Every structure is written in C-alpha cells, then in structure tokens.
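Please take these sequences and the hints and turn them into a complete structure.
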Amino acid sequence: DVKVTQSSRYLVKRTGEKVFLECVQDMDHENMFWYRQDPGLGLRLIYFSYDVKMKEKGDIPEGYSVSREKKERFSLILESASTNQTSMYLCASVLGVDDEQFFGPGTRLTVL
Amino acid sequence: DAKTTQPNSMESNEEEPVHLPCNHSTISGTDYIHWYRQLPSQGPEYVIHGLTSNVNNRMASLAIAEDRKSSTLILHRATLRDAAVYYCILRDGAIIQGAQKLVFGQGTRLTINP
Numbered sequence: 001d002v003k004v005t006q007s008s009r010y011l012v013k014r015t016g017e018k019v020f021l022e023c024v025q026d027m028d029h030e031n032m033f034w035y036r037q038d039p040g041l042g043l044r045l046i047y048f049s050y051d052v053k054m055k056e057k058g059d060i061p062e063g064y065s066v067s068r069e070k071k072e073r074f075s076l077i078l079e080s081a082s083t084n085q086t087s088m089y090l091c092a093s094v095l096g097v098d099d100e101q102f103f104g105p106g107t108r109l110t111v112l
Numbered sequence: 001d002a003k004t005t006q007p008n009s010m011e012s013n014e015e016e017p018v019h020l021p022c023n024h025s026t027i028s029g030t031d032y033i034h035w036y037r038q039l040p041s042q043g044p045e046y047v048i049h050g051l052t053s054n055v056n057n058r059m060a061s062l063a064i065a066e067d068r069k070s071s072t073l074i075l076h077r078a079t080l081r082d083a084a085v086y087y088c089i090l091r092d093g094a095i096i097q098g099a100q101k102l103v104f105g106q107g108t109r110l111t112i113n114p
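So the protein lines, in turn, are chains P and U. Heads up, the first sequence is in the working numbering, so the first residue is 1 and it goes up one at a time. Heads up, the second sequence is in the working numbering, so the first residue is 1 and it goes up one at a time.
No lab work stands behind these hints, which were simulated from the structure alone. Predicted model only: the values in this text are computed from it and were never measured. This list has only true hints and no planted wrong ones.
Part of the chain P face toward chain U, derived, beta carbon under 7 angstroms:
no., residue
1, Leu43
2, Leu90
3, Glu100
4, Phe103
5, Pro105
6, Gly106
Pairs of lysine-lysine, DSBU-like flavour, derived with a Cα cap of 30 angstroms:
no., chain 1, residue 1, chain 2, residue 2
7, P, Lys71, P, Lys3
8, P, Lys71, P, Lys18
9, U, Lys3, P, Lys55
10, P, Lys3, P, Lys13
11, P, Lys57, U, Lys3
12, P, Lys18, P, Lys70
A virtual CB, placed ideally from N, CA and C, is assigned to each residue, including glycine.
Printed below as a string of structure tokens:
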C-alpha cells in the first residue's frame, strides 16, 4: 500500500524555536509538497520539490524553508516558530503530471 | 488558476445516491477536473479526475458537462464513511513542472444521515 508518513501527528513548540517537520514517501515519487491548512482558508501551498535538492516556493513560503536531500524525504523547517504558524501541516507526493497526489495524515503544530 | 464554486454543505441519507456539483465557468481547454475528499482528522485523498469524458472508478463517477463549465461528482450509494469535505479542483495539464500544485477551495461538507 502506498504511503506518505509524517514524523509527528501532534507537536507543541515555543515561540522562537526551530522546528523540523519530516515527510517520507515510499513510492519513488519525484514531486513532493508541503501545505498548511487553516479554518476558513483551506489548504495553501508552502513549498514544493520536483527533484532531489530542487525546491520551489509556493503561495506562502515566508517563515519557512525546506530540504530535499533524498528522493523519499522532504523536510519543512520553521527557522523561528511564531504563533501564527500554529496550523495543520500536510505533506503530499505525486509521481507525474496526470497522477493523483497522496497525502500524509498531517501534523498539528501548536506554537505557544 | 481557474476557480471552482461549490456549495458549502450538503446532506444526504445513507444508501442513497449523492450528487455533488461544481461550477468552473472559466475552465481552460487544458484544465483537468480533480476531486479530492478529506475525512475528519485525515489528509485529503484522491477520488477521481477527468478532462472531457465522464469517468467511473470504484469510489465514484464524474459527470462533466458538454461545455465543461460544470461537473458533478456522484457517489452511487453513500455510506457513513463518505462523510467528508469534498474538493473540486482544476489543474492545468499544460504545465509540466510543478503541475501537480493543487489549489484547494473551501469544498463541500457532506453529511450522511443514518
């Protein structure tokens, strides 16, 4: 069964901390994505990567960075967490242009 | 990205068919129509997609209007497990890199009554 896994389901951090959210897929997909989901705003794309070491900004990249050192792993980094980054974070991967995206279960991050 | 319009919520009864509408009047010729759904406390999951012709799979059917300005997701026999938020999304098939970027709207919250 295809799988996208995320390192934590729930995470609580303090303002100013550096936060790492990890995503791993076992489908050999080229493309991986990080979204955040907030009530009333839907899912918004933060960053995506279409190959190892390649990354592109999405719609709301400010305050975030990403790392893709291996094909199966895509990390989202909050350099200095702030309370407005409290959200549900969703990782996804997809093989090609006309394929379905597979989503992870999400990480609910609370920044105090 | 071309936009879609969906009702905020719909309600149906268990074991009855459900028709979820989506309007996309500004759709372009290369836009695919995708449907995803998100069950409570889970990430979205793919349901179905199509370009021009109607599509069927084990989960649902997708009926696309002849002018492609609207589409309908059909769940033939709803179960309680189909209660979710359903998203209708347009994806431009002409874009190669980053093509899989999906723009999620608010979706339709489907409630299934036992």
